[in-house]
Structures are given as C-alpha cells and as structure tokens.
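Q: Listed here are the chains, written in short residue letters.
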Amino acid sequence: MKNNSPGSPVDIKTTKPATNASKTDKGLSLTEVGIKNSAGREMTKLSLTFPPRSFNVILGRSNAGKTNLMRVLAGLDKPSSGRIQYDGIDVTSQSVRSRDIAMVYQEFINYPTLTVYENIASPLRVKKLSKQEIKTRVEHVANLLRLDKFLDRKPKELSGGQQQRVSIARALIKEAKYIFLNEPLANLDYKLREELRIEIKDLLRKQGATVFYATTDPIEPLFFDDYILLMKKGTILQYGKAREIYKNPANLDGMLLYHDPPVNVITATVKAKRLSHTLSAEKIKTTLSDGTYKLAIRAQHMTVIASRSKSIKLIVTPSKPFSLKVTLSEVRGSQTLIHLENKTNPTVLSLVTGVHLVNIGATIDFCFDWDKVCCFDETGQRISQFLA
Amino acid sequence: MNKTKNQKAWLLVLPVFALVAFSAIIPLMTVVNYSVQDIFGIDDRVFVGKEWYQEILRDEVLHGAFKRQLIFSALVLLIEIPLGIAVALSLPRRGFGSSLAITLVAIPLLVPWNVVGTVWQVFARTDIGLGGSLLLSFGIDYNYTSNPFDAWITVLIMDIWHWTSLVVLLCFARLQSIPNVYYQAARIDGASLWSIFRFIQLPKMKEVLLLAVLLRFIDSFLIYTEPFVLTGGGPGNATTFLSQYLTQLAVGQFDLGPAAAFSIIYFLIILLFSWLFFTALTSQQEEKLEKTREN
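For the record, the sequence lines run as chains F and P. Under my numbering, think of the first position of the first sequence as 1, with each following residue one higher. Under my numbering, think of the first position of the second sequence as 389, with each following residue one higher.
Quick caveat, the hints were computed from the structure, so don't treat them as lab data. Hints are not guaranteed to be accurate.
[Stated by the list, open to error] Derived DSSO-like pairs: lysine-lysine, alpha-carbon spacing no greater than 30 angstroms straight-line:
1) F:Lys247 x F:Lys271
2) P:Lys592 x F:Lys156
3) F:Lys128 x P:Lys594
4) F:Lys127 x P:Lys594
5) F:Lys149 x P:Lys594
6) F:Lys372 x F:Lys294
7) F:Lys26 x F:Lys36
8) F:Lys154 x P:Lys455
9) F:Lys233 x F:Lys283
10) F:Lys127 x P:Lys592
11) P:Lys592 x F:Lys131
12) F:Lys283 x F:Lys320
13) F:Lys283 x F:Lys271
14) F:Lys247 x F:Lys325
15) F:Lys78 x P:Lys594
16) F:Lys149 x P:Lys455
17) F:Lys154 x P:Lys594
18) P:Lys592 x F:Lys128
19) F:Lys372 x F:Lys283
20) F:Lys271 x F:Lys233
21) P:Lys594 x F:Lys156
22) F:Lys233 x F:Lys372
Here chain F stands alone, though its shape is the one from the complex:
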C-alpha cells in the first residue's frame, strides 16, 4: 500500500500537526446534552470532552445512536437540552453553516453534475477564495487522494472507492477543525476498505483536526489507535483510549461490542471465597463475596494445550486444563477460529494462529490465563480485582 503522499508513518509521529495548534484549544465538550433518536426517544444525557486533535472512533451496532450523536455534535440537529462547546466557545445555537466542520457519509455524497475538480473545489468556492488558490489546493488534495487523473470526470463515472475519495477530498480541503465521518467505508468492498482506511488514518492525522469516526467494525478503534466511544442503545458505555479500554473494559456490554476477536462469557459462582466456573472442576481462591459472576475470556486466550508442559509455561496464572468438543472450525485469513462445546457451555470459541485442519467431533484440551480474564458482576459491571 504505497501511495505517492510524502512522508513515512515515522515522520507523522514526530512532526506535530502544524495547523490549528494553539494553547486555547480545549477540544469539543458536551455538558448535559440531551439527544433525541430518530424515533423521538430521548437518549441519556451526555457530559464528555473530546480532546483537541483527537481521533475518536464511535463504535456501536446499527441504531446505537451513533449518527444522532454525530448530527448533534456537528450541529445538523439541535440538542434537546445542554450545551456544546467548540474550544470553549458555546456553539449550541450556531447553525451548521457557520461552524468549522466537514462531514463524510456512508453514501458517496457528491454533486452529480459537477466534475471531480468542481466537487472538490465547492467548499472553497462558497468561501469565495481566488481561482488560483482554489486550483493549488484542489490539486494538492487530489494528489493526496490519488484523484489527479480523474479531475475532469463526473462522480458517476468513478468507482465506489474513488467516489468516496472525492467526498473525503471535499472534507479535507476545507481544513475544518472538526471532521465527522459516518461509516465512510461501509459501502466499499474489502480491499478498497483496507486501502482507504490506511489513507484516512494517514491524511487525517496530518490535517490536525479533531475527528469523529462512526463505525460498526470492532477492529477500527485499535487501528486508528486513539480514542474510542462505545455506544449501545443510545447510551455511552465507555469513553477513553482505545488500547486502555481494550485491556480494561468497564462493563461487559462494552467488551462484547469491542469484541474482535470474539469474547467467551462463562458463568462463575462464588461460595465461601472459592470461585468455580463451568469450563472445568477448578476452584480458585477469590476476594469476591458469594454470588454469580461472569467471566469474559477472549478467544485468543483460550490456549490449546499441545504438549502440556510447553503451553502452560507461557501462561502466568494457568487455569486447570479442560477438554472441549469441536463443533465447527472456520479459517479467518491466517487464523483458525474453533467452535467448541461441553455440557454446560453451548459455544466456546478459541482463536488459534495458523491455518489448521480441525476434525469436527474431536476433543481438544485447553487452558486459559487467569491474568487475562475479565470478571463482571451480575449487572455487567467490571470487577478489576477478583483473584486472591
């Protein structure tokens, strides 16, 4: 994936974004903001601050309220209550026209009768810039997005990926302080999605804007590797650094949403400071009080015991080994996802590196690392310390 944009990823990290950097930057903040979803129901009130120049991935299933949130943040909809500030300035009642924003949609939105050049130039023409300046900037952005050969064409004459590049170019050329991308890659095929994802990361980082990127794809928060906002049914589950939340999810819903590779949820019971779970007859010392709990184990942490001594050595706090029966196995790229079951657990998943032929009906021995297990109480809230 080499493109002709200058600079390697290493450069990007060391060079600070030149534009928009100032000490007055306070990012985008919400105070008690009420948002109505498309059905007119009120979502929970939000109070949040998005740091300046952060890349915020908003992750949630369809109908989680991602679009509604973005529309309110951008100013396309007014919040039903509360205040929104851009860099400390209240913009709650400011119209979207006067805000410094740009937006890219899932559908490839371009002006159908205008050429690619005119499309990219349109935000600058509204700003009444000189023809020469428009030309330089359009050519620059077109180069970055590899559209320079298509400037005379109409959007309909381009492929889907190129059409989406045009709308991204329209967003970039504005040099807006806030850029909103609403599932921009959802309508593209796999290969184009991969390509454009890398370009988006590269270009937007150089732009130095605060970015909001809504997606349903759980791999994207770690890919963009900055902030993540987890949403479910109109509520915010958690907001923070993507890596941090991957390791320390605050609740089970969030962990299940941000789930690639998949997460196994195992029921556990505590009786007299001993925790037992349904995968094996193991009883482990715990600090928890009596009750039912949920253990979440990511599929890649379900370790196959090939030769007992070798596998277990790599694990810090190994669980007792247990056997599971194979019901299905799927190869994903260069990994194999094995579907397993035992009497009490309908499906347990294990992700193994490499392409393996696994016989259905065979039994395999597994263990997991207690250090990698997340424990949740019955309401789904995380309990960070549970091992004694």
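Given the coordinates of chain F, work out where chain P should sit on it, guided by the hints.
A: The following block gives chain P in isolation, referenced to the frame of chain F:
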C-alpha cells in the same frame, strides 16, 4: 456467439401488431386515402394527388390557427414548467401535510376536459361567475366573450389550472427520491438555496422535466375541448386552435379532402416535435452510457 434464428418471435408479436393495425394504422391509412382523393359518393371518387395539400397550405385561416397554436403551446410550456417546479419545491416533503398537499394538487387532473371548460365558462362569466364579476367589481373591464385578449388569458389560465399539477407531481416524485444526506452535505458546505436547486435538485429532475415538456407540448398542441366549451373559438377566431379548425373543416363544412390533408400535416408536425424532444432526451442518456463504457 451463435445467433439462433427463431421465427417464433414473429408469432408472439402478431397480436400486438394486429391491435395496432386496427387502432392506428388502418384509420391513418384511411385518412391518407381521403387526403389524395375528391370524394363525392361511395363509388364516386377522383384522385387529386397533392391538390388538397397545396390548398390547405395556402389557407389563411389555418396559418392564423397555426400561429395561435404555437404561441399557446410556447406560453403553456414557459409558464407551467417553472410554476410546476416552484410548487413542487414548496410542498411539504413529509408527513400528513405532504399527502394532503399532493392530493389537493392532483384534483384538477381528475376533472374531465369538458367539465373544466364548463366550470371556467361559468366562473369567468361577468353576470353570474365568481371570477368574472370579481374582476368587474375591481373595475377591470373584463369580458372573455367579446375581448380577444381576455379570452386568451382565460383559456391560458384554465390550462395552467388544469395541467400544472402534472408537472408538480412528476417533479415532486423525483424530489422525494433525493436522500436527505445531500441536503445535509450542502448545508455543511454552506451552499445557498440557489446552489442546492441548481446542483442537487435540478439535475435530479432533468429527465422527468423533459418528459413533462414532451407531454405538455403534445397535449397543449392538441387542445380542443376546453376552449371549445369555454369560448367556442371566439371572439371571432381569437381562440380557434388547430384541432378546432380541423373539426370545422371536417364536420362543419364536410370538406373531407382538405381536412384529411390537414390531419396528416398536423400529425407530422406533432411527430416532428415529439421526435425532437425525444432525441434530446435520449441522446443525453446515450452520451452517459458511452462515457461509462469508455472507463
């Protein structure tokens, strides 16, 4: 690629062909037959060649009617198309209001031609008509039965009332198909209402507008019933359009030969204009296709 010769296709087309023959081709050929003969009785006819055509082309009354017809169709297009777009743009897009508005707008289309004529004939009367007497009470000297200008205005407004709804419906259907995100994107760009119309709405309506122009042209060029009921072509010949003159020739004076020649010319004119509009419409689409093929 193998081209299979399948003669069955002809058999399948036959019923349609027979239907078209009975409904269109045979009547048309009868008219062609009349237009080249002088007919005195069933077995008493003389071949006259192009004589009727020459006569009809020299007919001063026809020239007048033709001129009137062209001006009328042009005015109809110039007023109804922009007005239809404007109304379509201002209708509510969603909810109960939208359904209500579209129903109200569609009502004139459901009224039969002769009823439209009668309604306006009464409405525009200065003694008992609401419209006519209202104009009089404002001190406007209005009388469509004696003043040619008033008659023209009345016929024109009647046609606008009757047919603008068609343009509105066609445009509205297209406007409804524009996804909301386009308007959002335009708002974020800071585009003006004019730019939104020029670059989003108009391109979307282009094809349907050509259709509207075609339909309104043909229909206004053939107008007969409404002016016949309203003004009877008067005062004098002021609102006598082509089809009414044709009826006078054929049914009133029973000049079947010239009337038939006239019909053929009339038919050819409509065919010519329709062809012009149609090629304008399809050539654009072909251009598009070619461009996409080049890629």
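Q: Please write out, lowest number first, the hints stated earlier that are contradicted by the structure.
A: 8, 9, 15, 16 and 20
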